[in-house]
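Novice: Residue numbers (our numbering), protein chains in the order written: chain E, 1 to 345; chain V, 1 to 345; chain H, 1 to 345; chain P, 1 to 345.
The set of hints was computed from the structure by calculation and includes no laboratory data.
It is possible that part of the hints are untrue.
As the list makes no split between identical chains, a pair holds if one copy fits it or if it spans any two.
[Said to hold, decoys possible] Taking lysine-lysine pairs in the PhoX-like style, the calculated list, with each CA pair at most 25 Å apart, reads:
{"no.": "1", "residue 1": "LYS338", "residue 2": "LYS79"}
{"no.": "2", "residue 1": "LYS338", "residue 2": "LYS77"}
{"no.": "3", "residue 1": "LYS29", "residue 2": "LYS79"}
{"no.": "4", "residue 1": "LYS229", "residue 2": "LYS79"}
{"no.": "5", "residue 1": "LYS237", "residue 2": "LYS79"}
{"no.": "6", "residue 1": "LYS29", "residue 2": "LYS77"}
{"no.": "7", "residue 1": "LYS240", "residue 2": "LYS229"}
{"no.": "8", "residue 1": "LYS338", "residue 2": "LYS229"}
{"no.": "9", "residue 1": "LYS338", "residue 2": "LYS237"}
{"no.": "10", "residue 1": "LYS77", "residue 2": "LYS237"}
Number of protein chains: 4
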Amino acid sequence: METRSSPRPLIMFDPHPRRIDVLFNSETKRRLESLGDVIWHDGAPASDAHIERYLPEVTAIVGQSALPRERLERAKKLKVVFNVESNFLPNIDYIECHRRGIHVLSTAPVFAKPVAEMSLGLALSAARRIHQADAAVRAGNETLYGEGDNHDSILLHGRPLALVGCGNVGRALLPLLRPFGGEILVNDPWIHPSALREMNVTPATLDECFERAAVVFLMAATTTENMGKIGRAYFDKMQKGGIVVLASRAGIVNFDELLDAAESGRIRAAIDVWPDEPIPAGHRARRTPNTVLQAHRAGNIPEIWPWMGQLVVDDLELVLRGLAPQRCQRAQWETVSKLRSKPIE
Amino acid sequence: METRSSPRPLIMFDPHPRRIDVLFNSETKRRLESLGDVIWHDGAPASDAHIERYLPEVTAIVGQSALPRERLERAKKLKVVFNVESNFLPNIDYIECHRRGIHVLSTAPVFAKPVAEMSLGLALSAARRIHQADAAVRAGNETLYGEGDNHDSILLHGRPLALVGCGNVGRALLPLLRPFGGEILVNDPWIHPSALREMNVTPATLDECFERAAVVFLMAATTTENMGKIGRAYFDKMQKGGIVVLASRAGIVNFDELLDAAESGRIRAAIDVWPDEPIPAGHRARRTPNTVLQAHRAGNIPEIWPWMGQLVVDDLELVLRGLAPQRCQRAQWETVSKLRSKPIE
Amino acid sequence: METRSSPRPLIMFDPHPRRIDVLFNSETKRRLESLGDVIWHDGAPASDAHIERYLPEVTAIVGQSALPRERLERAKKLKVVFNVESNFLPNIDYIECHRRGIHVLSTAPVFAKPVAEMSLGLALSAARRIHQADAAVRAGNETLYGEGDNHDSILLHGRPLALVGCGNVGRALLPLLRPFGGEILVNDPWIHPSALREMNVTPATLDECFERAAVVFLMAATTTENMGKIGRAYFDKMQKGGIVVLASRAGIVNFDELLDAAESGRIRAAIDVWPDEPIPAGHRARRTPNTVLQAHRAGNIPEIWPWMGQLVVDDLELVLRGLAPQRCQRAQWETVSKLRSKPIE
Amino acid sequence: METRSSPRPLIMFDPHPRRIDVLFNSETKRRLESLGDVIWHDGAPASDAHIERYLPEVTAIVGQSALPRERLERAKKLKVVFNVESNFLPNIDYIECHRRGIHVLSTAPVFAKPVAEMSLGLALSAARRIHQADAAVRAGNETLYGEGDNHDSILLHGRPLALVGCGNVGRALLPLLRPFGGEILVNDPWIHPSALREMNVTPATLDECFERAAVVFLMAATTTENMGKIGRAYFDKMQKGGIVVLASRAGIVNFDELLDAAESGRIRAAIDVWPDEPIPAGHRARRTPNTVLQAHRAGNIPEIWPWMGQLVVDDLELVLRGLAPQRCQRAQWETVSKLRSKPIE
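Here chain E stands alone, though its shape is the one from the complex (with noise of 0.2 Å):
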């Protein structure tokens, strides 16, 4: 790049496992092309020469390349980091990011919708028995108008409910859980009570949540500080039937006292994520009655994966024009080394 005497921003891309294709449409990439010069590349992480050779000069890196800081030192016009991966990993020195006015960001926000009504369709399957009628119907052993079936069907309406969790995907499902009409319980030790009380919902600890609501949606990050907290001394304090919905990451509860729980039929589950995945093919689960099981697939639907490219050509408009970015997430320098959630793979 040392003949590089465009003006225009240079943005380069290292987007693996993501492929350009799928996260930019015609229209993002010529949005994106009308911001600057674009470096595109993908089907394997950019190599270091790849990186280097583009870095005095990069104003925006659209992926997950690895930023120690002494290639922020050699970054002078580096202004935005986008992770399209949408976990935020180790490789980055946010600290450093932040003392340089680097916006480190993620498009994760596009994963809000999907997870969210995914999350209540697995509430209501779970509380009225919704994919094992469907399955007794094929079988052939229905029974007519609930008569056994509906002995412990349940409805949400002006029952209390709980976010354990309240980022993203908690403040997309939280609309969609109001008309319900009941009271709504927030865990979330990141956000201060009184930001809670803001949003209209009610402070909870853990102990309330499960206590109290006849359905726990879990919905926290993993962190330092929660993984595999919740366990079977939460599970117990439910109400007979209560609903569990693990839509988020698997590595915040206790997996097997999950599945005791459900078993014993004290709580019924609604499982999205997994310690290990794939599922391993024997994993008890499978077999583990009120259940609702689903092998990671609330978020990553076709029709949002476009939005990635929206998020990123949105958030590199407004830093080039000095403003803040407002659609991506950002890595929170104060948090960010906290987190825990596994990468996909």
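With chain E fixed as given, assemble chains V, H and P onto it according to the hints.
Specialist: Same frame as chain E, now just chains V, H and P:
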């Protein structure tokens, strides 16, 4: 009753096939008894002799007793009839009741919330194939991260949604659909377009509903005007993968054409009500793909049973105070003769 | 009309003191004429001769013609009467209309939105003394930054608000009050507490409304049961500086005690309706502090006049199709005889 | 402070022209003292000696002390600065604060709710001429039933409404405007159109706002980019009788052209903020018709003063726990240098 000298209203029960202890809990029984003298009876339809005995003194009937004109002429004190089965049967002279200021009411509104929640659950199950993915994990043939089985998953967010029929159930469903943020189309020939606009929905023809909506919720009662009306001509107009939720009355659809459309992959169908119930053992629907199948279980869940007693007592309190009933559905003399929904057996 | 051979419905006008050209614009006139043969008349009450002439053939009356039983007996084809003045007058035999299936309707609902917006505007003016501060700037004696004149300014945000009466106007006001986020208390003896709870408001006694609410909106019609009922005993229960908005009917308050309470500084009163109108020249209210005063102008704004014609035509369309009216207010035969609101002159 | 051995955070006050007892009540004082050692001071700006004495040990400053780079270099422990005056002044090196991870915050959000409620009250007063009608009744020259003085009264219901600027105040106003049901246009050059659409409003140019909206709420901070920008060219685009509410900063309008437009009857103007305050005695606005006039009193009402203390303590709790602040407004280093709103005297 010739000897009856009590000035208290007489309340007669004839709720078969419902049971009093299902409809009334201790609180609503107590409230009822504070309002008048109650002739408890259930387990079988009241005999003619039983009915005739109390007819001259009765103020309120809770049940489905036949009330032809000649009986109404003898029921000089009758003010209100509570149908607790939920379909307005042709065994009552509704015009004569109207003339005499006798309210004929149904506790059907108690089913609105459970049917609305189930309908949303069915739509989400169909949109995300939750029930199929659950079955896949149990069978050990799931795909991870939605690779493959998410290829036609859709969001409800932002998409037009349609209600065909906007009575009790439709009105209970509306608030649950609002936060998805899309336009809501309503086709209901019995509601004025201006009244629909006032409800903040878009009045629409059936054609518009099927052409534009991602999900069409069929929520209409069967009437002389709509029996078998919804068939191939409409399903062919849907976008590929569009969802039809049939959760009120099977009579309004051409059921075979509905299954054809699902089988061809043109639409997805979520079905709770059937032309013949119980569902015949070899019914083709049991093998039809792109469906979610339930055996008429959307409304009849235990927690709403005692609500029927509450509605009866609430409205009886009003009627005895000289006010119009507000909680039950009223038999509209203008339209009741057009209803053709089948009663439960 | 003996010679009338048209099979089309006959629609007779008798709207005095309203004028047709105020109620109907070219579009609603056209719609009306497409529904039947219209006998246009206004400017003065229709003469008995005029009415008697058309009575045997008339299907719909738009106006306030007297309809005693003997006239109804001759009006064999009459299906609907539209009161366009907005108060149900005692010149109709409502019971006989009910018996004959004749709907007696009022276009009063058109006033709900303007009265609701004005009521909120009055509450905010009282809460923040907007009108007084405006007068102060004009007089050159304002205080800056609210120093002094903001000492008793209050927020509606988060505070309990009360509605006394929850008919058309109350229901139009409710959604405007919701986003302020406080509890909403409703006192309405004609609505069952269960129905109020279903509307997501708190049923309350009059005492509770005045004790707890920051603003009490008096929205009730005058009835035989509530005339002059709201007086000192209630105002004394209010928190100091509490606001009373009187925007429906003056008859329900003891007007002098309302002014006493404002004068003493105990409450603030926003008044749009008066015991005698026009307001007597020397009326003490004109000098009473802690008031916002309007001369019965909340409802009668030009843009809603043609809505009356729309309501008439919408409901006439429904009635002619054999459906129940949905847009106008119905005279409830149970309660209409208790109404005592004064007609406009 | 050389001798200070306490491991507790040091919190320094320099809130002039605000007073501690106005901002903090006994509860927030207690909470503050539980968080660290507090150096109470108010009544005058803290002296340089006072500031310098505590600077090396201070963790949090509550006030508007000057913080140039050289002071920041000595404030090794400083984590957060709370501006309690509400305008970000140029006496802080914001870039250096950012680099050092020092949050510079303002308690300005406490004013959002009172300004929002006042703004709605002003719009309703202008739309219905509430203040003028009140003055007319007092003067004895009112017209009854709105005859005459309602000729240009308008409903907000269903009409497009526009916000110019959508920061704290705009966001507090939005929910109050939603139930009126009309489209909401927003012009805010610092918010991405995609972010506005996500808030369920319509991004709009200034031209579109003034051409289409019945009420334009001017809610923007004064910046280098918008000073004096809103003038005749925009007012001329409004529908006759359109309403302009100026309740944030006077600097963004050409004030004389605003008054010209009101005087001509083209628009109605509701004005709370002024180019020069106090308002000059002979200011022409005092005699300008079609206006509602307030002397900068929208935000500063007593009940929100202690909220400032709450915001300070809430965010200090978060910062001391290693989390990002959530309750106060943050000085965005990208844009803070463009702000030109005048501080209070």
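Novice: Of the hints given before, which are not true for this structure?
Specialist: 4, 5, 9 and 10
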